[in-house]
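Engineer: In case you want the letters, here they are:
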Amino acid sequence: MPAEIDIAHVARLARLGLSDEELEHYKSQLGAILDHAARVQSLKGEPVVEASHPLRLENVYREDVVVPSLDRDEVLSQAPETEDGYFVAPPAMGTE
Amino acid sequence: MSALHDLTIVEVGEKLRSGETTCVELVEAVLARAHQTEAQLHAYLTLDREPALAAAERADAELAAGEDRGPLHGIPIALKDNMCTRGLETTAASQILAGYHPPYDATVVTRLRDAGAVIVGKTNLDEFAMGSSTENSAFGPSFNPWDIGRVPGGSSGGSAAAVAAGSAFGALGSDTGGSIRQPASLTGIVGVKPTYGTVSRYGLIAFASSLDQIGPLSKSVADAALTLGAIWGHDPLDATSYPGEYPDLEADLDTGVAGLKIGVVKEFAGEGYEPAVEGAVGSMLDALSDAGAEIVEVSLPTVDIALSAYYLVAPAEASANLARFDGIRYGHRAPGATTEELMARTRAEGFGPEVTRRILLGTYALSAGYYDAFYGQAQRVRAALRDEFEAAYRSVDVLVSPTSPTTAFRVGEKTEDPLSMYLTDICTNPINLVGHPGISVPVALDEKSLPVGMQVMAPALGERVMFRVAAEIERLAGFDARPLLDEVA
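Sequence lines, in order, name chains R and P. The working numbering applies: residue 1 is where the first sequence begins, and numbers increase by one. The working numbering applies: residue 97 is where the second sequence begins, and numbers increase by one.
Just chain P, same shape as in the assembly (with noise of 0.2 Å):
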């Protein structure tokens, strides 16, 4: 019998609606693992505790008078912390934003609560988003459940961390250029890049903002077709909010594969990918075979550089939106006789070291004299890039490849070289640069019982067909291991 903090939403949902269970007592669930797991991972910044307890009896007292809110009805929820929540701190993992409590909510915010979800507390992240192991945060590395010596992945770790423990039944995070999918794939969670445009980014820290969309990580594909239904759509406060119609996500759930024509994306193998990657989605590409799926080779050659332009566009629209940390309105304020001096004092001791090399980065892609080599080169191969991926989705409907070309590595093993760091990102980024979705469902673990995560993306506004591809593979890999972090407590 598993766990009540084991179960996924859809479960305890049933739970709930059959008075097995209250929603004070799932975030109860989730507050006693927290205690008993965060020392080791350090998943959160924040727990909420007296508030979410007190939400969770008004929701408790809703369902006796029979107002149903619907499936996210009393779950307890963990965000992100660069999203902003109205008077509970909000510090994207910054010193720069150490103390800073936000005098709004986020739009996702307000969904989640109006869709009856319960915010347990923050979780934790590399600074400002900008990292792949959640080893950038300024206060203090999360660690993986799966083996505490390892990273969770990142930029959403503690998001991904704590989903994978059961210290919160769903997390949001937030993707610019696989920051879901890679610690989702690292801890053996689902986790989903939407459409670019299709939930708001009002309230979200902006890192890269032509490229940053928030979406769930999910112990399940339901958990995550129900979470993104419930905070996605149109929102008048985000100018690239997509105001037409939205796909039905739950729609194909059980459907299954046959007839469709699955790609796989032969740029994302070889080398430095692990054998038990390739190996575990190599096994899944027959099983969906056999399922009925037809399986080709797609070519999408200018994957190769895409990494590339990646790290000029990200860094520069960075440099851009980091510039509003000033020391003049909110967060950290360095003494200065003068605003430029005051200002550059501030944003040196502020800002982490990741921070500071991206900013100067994008500020150099962007100065007189190399706007055209770097930063306007990069948006030619985003538009080279998204004309390749819509001619792929002419012959197939989804393509598929690893996650992340390795399972979870080591604490402090990429740290020092940054370009490796960056690499790890190589199978995720290039749908953040043409704004398509994407999902990475968990299929095996590896020889050291670390999970392997595999990723499927389709067209934007694709994410019907991209829901039932992974609900499949999620079926076929009948993927249950838990971490073992009983034991290791």
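In isolation and in its complexed conformation, chain R is listed as follows (with noise of 0.2 Å):
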């Protein structure tokens, strides 16, 4: 179990805009379902093949052949904000 869970750190990371004290909630209640997860470190022994699929399947790809896409305009009419077949989002950077 770590010392310390850096949680703005991870709120940042996962793009959540929380205010201080619900990273105060958030923290304590990691940090006992952290305790609990980290049983996972009481197996022991050699490494093992990380599991994949159940039923073994590797790679699989599909022919390639063009098949028809959603329609634009029922896709972009889920959007917030659309510009001429465009969705449309803030600046990506600040201009300080």
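Just so you know, these hints were derived from the structure itself, not from any lab. Glycine included, every Cβ here is placed at the ideal spot set by N, Cα and C. Keep in mind that the hints are not guaranteed to be accurate.
[Stated by the list, open to error] DSS-like, lysine-lysine: derived pairs with alpha carbons at most 25 Å apart:
id, chain 1, residue 1, chain 2, residue 2
1, R, K44, P, K362
2, P, K510, R, K27
3, P, K544, P, K510
[Stated by the list, open to error] Ranges between beta-carbon positions, derived for each pair:
id, chain 1, residue 1, chain 2, residue 2, range
4, R, D84, P, P332, 31 to 39 Å
5, P, K362, R, S28, 47 to 55 Å
6, R, R12, P, L333, 16 to 24 Å
[Stated by the list, open to error] Among chain R residues calculated to face chain P with C-beta under 7 Å, some are:
id, residue
7, Y26
8, G31
9, K44
10, V66
11, P68
12, Q78
Build the complex from these two chains, which are given one at a time in their own frames, with help from the hints.
Structural biologist: In structure tokens form, the structure reads like this:
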């Protein structure tokens, strides 16, 4: 169990704009859950191959054929803001 | 004489074909039942009344013209609201998707329609299927038809409540750590998590992609078999979809258990397990033994740390999957001067507490410096668990356990303590980690008149023997109790 969870850093990584009060609340809950989760570290022995598909499927490729895609207008109808067939978003970086 | 809404799919299918009822009458029966029960249960988020009646009229016309699509023809089915339905609101019970109308159907929706089923509505769930009680829905909880002061389980609690109450003849749910089997157990119905990769996840709003699997919630084992048979099969739109031969689900429903070896997982007992649950499972084991099965005890030591692994793997995958809810392309948007600010505000406003908690947990478990200790080690637990299960299946045909350590708990009882809620999945989540199938079958009522479910687990693609044992448990239990909702109403 790590001594300290940098909860503000984790929230930033997850793009969750939480208040200081909320951050404290989640931090204490995460601590309790991670104490329980840390029991996975009791598994000893040789490293094993990580689990993947239970039916042992390997990489799967589809046929390289063109198929119709979703209707653009129908897709864009669900967006909060669009213009000329594009999604609209504010600048990626601030202006300061 | 049972009301129409109390009958199974098999039973109403016979009435349809003998001309005793019509598809329109079936839809009217479930809509009337929903009208009667929804104020108490809140099983549905959306009822699609007029389109359902129109689909039923078409189904009747087809039958009249001799075109019979099979056992689901004209049968009203409900869908958990995390499966995309083109043009019909799909929310995953989250504010971040309120008002979202998908531009496409999930593969299971297409398959149900091709099989003639009528989709009557979208059922309530824990937000993004994260929870075990349906109390995490952004649109308010669902309640258990057996006692409306109690939860129906979760996360497919709306589907379970609808089927148990008769406001749908069957439903689909999704099961990431027990979210079909546990609510089925808590509401006295049958619930199946099939082998990972057998039911397409295309159009299922992802929670944890290596664990999620769609399956049926039904009033009987036979109904579950015919519903699963209609929805499963290879789908090129899901890269994890199994392309090989699928088992025959109905071949052994009447075969019985004579000669089978049934393993009892000894780790699924003891502290935290209610005596009534252990008693009901014990009585069923005696009955199975009398019916000719050999009962043996099996130990799967890694099961004790499976829950810990689950609560690392599932949130880690969720934190990645839910990155798509960014306020740009669909769903809720909060204002922001930059894209990052917009995203952070949108997500803080749009996600409820449990989803936020799991995204934080998963982000932490995947972050630099902690990856090996948490996520990497959890994956090793998963591999060790799979080895143990596969070793067990070399000496037994199926494994059994309680589905849930307790019967339905009270609304609000576990909401303040996330870990206590997580522990309700202790019997169900190990097989999600290994990808194997499981089914919950009701076996008894406890002293509070709440249903107890028993879980049957089988190796990957072992559904045929799993349904064989489940059908015998159903026969031996003779569980025909129905919730007393009418008296409450």
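Engineer: Would you mind marking each hint as holding or not holding in the structure?
Structural biologist: Against the structure, the hints come out as follows:
no.	hint	verdict
1	R:K44 - P:K362	22 Å, holds
2	P:K510 - R:K27	19 Å, holds
3	P:K544 - P:K510	19 Å, holds
4	R:D84 - P:P332: 31 to 39 Å	33 Å, holds
5	P:K362 - R:S28: 47 to 55 Å	35 Å, violated
6	R:R12 - P:L333: 16 to 24 Å	35 Å, violated
7	Y26	6 Å, holds
8	G31	11 Å, violated
9	K44	10 Å, violated
10	V66	14 Å, violated
11	P68	11 Å, violated
12	Q78	4 Å, holds
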